[in-house]
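Enquirer: Protein chains in written order, with the UniProt record's numbering: chain W, 1 to 454; chain F, 1 to 244.
Keep in mind the hints are simulated off the structure, nothing from the lab. Keep in mind the model is a prediction, meaning the values are calculated, not measured. One or more of the hints may lead you astray.
[Unchecked claim] With a straight-line cut-off of 27 Å between C-alpha atoms, the simulated DSSO-like cross-links for lysine-lysine are:
1. F:Lys232 / W:Lys374
2. F:Lys153 / W:Lys403
3. W:Lys278 / W:Lys342
4. W:Lys431 / F:Lys160
5. F:Lys113 / W:Lys374
6. F:Lys160 / W:Lys423
7. F:Lys153 / W:Lys416
8. W:Lys31 / F:Lys205
9. W:Lys434 / F:Lys153
10. F:Lys199 / W:Lys31
11. F:Lys113 / F:Lys153
12. F:Lys199 / W:Lys32
13. W:Lys374 / W:Lys401
14. F:Lys28 / F:Lys160
15. W:Lys394 / W:Lys374
16. F:Lys58 / W:Lys389
17. W:Lys342 / W:Lys401
18. W:Lys365 / F:Lys91
19. W:Lys440 / F:Lys225
[Stated by the list, open to error] Some chain F residues judged to face chain W by a derived CB distance under 7 Å, without partners named:
20. Met46
21. Tyr51
22. Val71
23. Arg192
24. Asn200
25. Leu202
Backbone N, C-alpha and C define an ideal beta-carbon position, used for all residues, glycine too.
Next come the chains, spelled out residue by residue.
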Amino acid sequence: MKTLHANLSKEFLSHRKDADWHNDTLWFLRKKRDYAKDQLREWEQLRQAASEIKRHTLSRLPHYLEKFEQQASQNGMKVKWAWDGQEVNVLVTKILRENNVTSVVKSKSMLTEECGLNHHLEKQGFEVVDTDLGERIVQLRQEQPSHIVVPAVHLRKEEVGKTFHQFLNTEVGNSDPSYLAEEARNSLRRDFIKAEAAVTGVNFGIATNGSVVVCTNEGNADLGVHSKKVIIHCMGIEKILPGLKELSVFTRLLARSAVGQPITIYTSHYKNPRQYTKEYIIIVNNLRTEIYKDEGFREALKCIRCGACMNTCPVYRRSGGHSYHHTVPGPIGSVLAPFYNKEKNKDLPFASTLCGSCNHVCPVKIDLAGLLYKWRQKLTKETSQAVEKTLGFKASTELLKNKTVYKMAGKCARLKISSFVLKSSYNPWNKGRKFTDLPKETFREWYKRSNHEE
Amino acid sequence: MRVGLFVPCYIDQLYPTVGRASLELLQKSGCEVIFLEDILCCGQPMANSGYEHYTTNKNYASPFLEALPNVDYVVAPSASCIYHLTHHLLKEELEQDKLQKFKEITEFLHDVKTNFVVQSYFPHRVALHKSCHGLRGLQLAKASELGGTAFSKIENLLNKVEGLHLVIPAQSDECCGFGGSFSVFENAVSVRMGEDKLKNVLHEKVEYLTATDMSCFMHLEGVFKENESVVKIVHITEILNSSL
């Protein structure tokens with residue numbers, strides 16, 4: 001009855017040193033976040049404010065989106081709407097073709113990853129280069145990001161060295177981080193010069209002034225936007241905020257939650273196209289209205305993709321992002337994934353101990369553990385289940401509600417033969433653990449005996 | 001004060017000494033204790049695995065609803081059961097003030113029996129594991145990831161125990177890896193989490209590890225045994241109830 005997530009996690013953990021490194025690295029980010037949070041006395045008020053702003057914005061989403069479209073259009077931006085990933089890909093292709101563009105620099109966008117934009121463009125003959133260093137590494141390896149903020153965190157520097165040697169012709173066996181970063185920079189510079197268009201993601205869309213806000217630590221979005229004549233910003237409908245005042249709450253929360261920095265290094269506002277440039281904003285739905293319509297799960301749209309829930313999640317840290325087999329991994333990814341494919345992703349809401357740490361770090365206070373619990377109930381009913389699992393829990397339900405059966409089962413478990421079975425390797429519990437010694441009598445039996453004796 | 005003692009299924013079957021320590025502790029605190037014999041389980045094992053619809057029937061909720069009018073509080077030595085009762089099984093059945101009558105035992109001793117003096121002696125070096133449901137679910141202490149002023153009902157009680165040297169290991173409020181059926185279906189991650197917990201505890205050179213939830217210990221005890229660890233496991237009620 002092992003799930004795909006369980007199998008992939010087991011594989012990830014079998015490389016013990018790498019898995020420990022992964023765990024320690026992300027825990028380091030969690031600790032940095034804790035430190036950053038402790039520097040602000042108003043931290044919990046900020047989270048509360050952010051949560052309420054998002055709730056308000058979501059409650060009037062069509063209104064703010066229309067206002068945003070109107071303002072952005074007035075500013076000279078070309079605003080387009082895309083219903084799903086396919087439509088995003090077709091739109092981007094069309095824009096590039098209209099402008100005679102053949103090569104593109106992209107700055108990190110999980111949304112375009114979700115839509116499979118790179119793959120689509122490459123198939124159409126375009127050259128696409130991801131310009132965020134981590135994204136570039138996974139792109140060269142033809143992998144997906146394993147984390148939404150640190151996409152190549154599943155790789156050690158030695159592996160990056162090998163990859164760069166293979167694709168960027170760096171020295172054999174050289175995995176010095178400064179050397180590798182320098183070589184990546186040189187290579188990316190050439191890509192930046194060569195490309196004719198820039199595609200970026202969007203962290204926030206501001207309804208009152210129609211600007212899009214993009215946050216990066218490497219400034220790669222800015223390099224693209226500032227140097228190209230064709231610029232495309234892809235924005236999920238949930239990224240909208242009412243105004244700049246509201247934005248100020250989020251810029252204080254985003255980087256602190258993500259990596260413990262006071263603010264992202266580059267927080268860039270793109271409002272008007274320059275002379276001779278064409279700037280597009282594609283507003284993307286891609287199943288977000290499905291989440292929006294489901295009131296039980298709507299709050300998942302509050303997510304600002306900071307990755308804090310991943311860094312704190314003890315399961316994510318030990319199993320790696322790819323074990324989640326969905327674009328966005330970790331707790332929030334496990335909440336979103338079943339909307340994209342219930343049957344395929346039905347294991348993900350179970351890949352959690354429901355410890356609740358993700359709820360506490362979430363800057364917009366999404367009840368992640370509660371939503372995972374809710375999914376478990378829905379998915380058990382709405383997707384195929386292993387017969388033995390259903391029967392097992394049906395039996396447990398009967399056992400734990402019926403006093404006579406319960407007492408009998410307890411007595412049976414205390415028999416020598418049962419104890420032998422329970423402690424044997426046939427019991428899946430005993431993988432990595434030893435079954436506890438069963439006491440001679442239960443609390444009930446003791447209570448009855450001692451009270452009786454009195 | 002009349003208190004109904006709920007001894008959850010796994011404590012009844014696997015850790016009767018915890019039930020006994022809880023009963024005696026509550027009596028020492030001056031309560032009239034009624035053992036709620038008809039209540040076996042809160043339904044959490046099934047519900048967390050996606051089979052809540054098997055447990056919301058009268059067989060699971062009603063024994064609790066029937067017991068409530070006869071007692072001032074229902075107390076259990078298991079935060080995760082109390083959390084499940086108050087946040088899932090009975091959430092729709094009872095008003096907030098009635099839900100408040102369900103208490104985890106350290107929470108009860110700390111918040112309700114405010115005059116209760118812990119007279120306990122446990123001369124050992126003890127590490128604390130802050131079990132998730134007590135910590136984050138019932139706010140028995142401030143979790144490290146939250147802002148605001150630090151507090152810990154658990155440590156307040158343990159600090160009153162004579163002879164006890166309390167140690168807080170690294171990552172003491174990280175989940176142990178149990179998670180109910182998670183520990184079986186996601187064995188590899190679960191065991192690794194338990195091993196990491198053990199590593200941090202061993203680093204402190206303690207004799208005992210304590211927590212508010214035996215469910216964590218069902219799993220951790222197994223991992224500790226498998227790794228031939230010398231650290232013993234003891235529930236908080238057993239420490240608070242121990243005397244000279």
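Enquirer: Could you run down the list of hints and mark each one as holding or not?
Expert: Here is how each hint holds up against the structure:
1. F:Lys232 / W:Lys374: violated (36 Å)
2. F:Lys153 / W:Lys403: violated (34 Å)
3. W:Lys278 / W:Lys342: violated (39 Å)
4. W:Lys431 / F:Lys160: Between Lys431 of chain W and Lys160 of chain F the Cα gap is close to 39 Å, so the pair fails against 27 Å, i.e. violated.
5. F:Lys113 / W:Lys374: Roughly 35 Å separates the two Cα atoms, so the pair is violated.
6. F:Lys160 / W:Lys423: violated (39 Å)
7. F:Lys153 / W:Lys416: violated (41 Å)
8. W:Lys31 / F:Lys205: holds (24 Å)
9. W:Lys434 / F:Lys153: violated (32 Å)
10. F:Lys199 / W:Lys31: holds (19 Å)
11. F:Lys113 / F:Lys153: Given pair Lys113 of chain F, Lys153 of chain F holds - Cα atoms ~12 Å apart, limit 27 Å.
12. F:Lys199 / W:Lys32: holds (22 Å)
13. W:Lys374 / W:Lys401: With a Cα-Cα distance of about 23 Å, the restraint between Lys374 of chain W and Lys401 of chain W holds, given a limit of 27 Å.
14. F:Lys28 / F:Lys160: Between Lys28 of chain F and Lys160 of chain F the Cα gap is close to 15 Å, so the pair holds against 27 Å.
15. W:Lys394 / W:Lys374: The given pair, whose Cα atoms are some 19 Å apart, holds under the 27 Å limit.
16. F:Lys58 / W:Lys389: holds (23 Å)
17. W:Lys342 / W:Lys401: violated (31 Å)
18. W:Lys365 / F:Lys91: holds (21 Å)
19. W:Lys440 / F:Lys225: holds (20 Å)
20. Met46: holds (5 Å)
21. Tyr51: Hint holds; Tyr51 of chain F Cβ to chain W Cβ min 4 Å, cut 7 Å.
22. Val71: violated (17 Å)
23. Arg192: holds (5 Å)
24. Asn200: violated (11 Å)
25. Leu202: Violated. Min distance 16 Å.
Taken one by one, the earlier hints fail for this structure at numbers 1, 2, 3, 4, 5, 6, 7, 9, 17, 22, 24 and 25, listed in ascending order.
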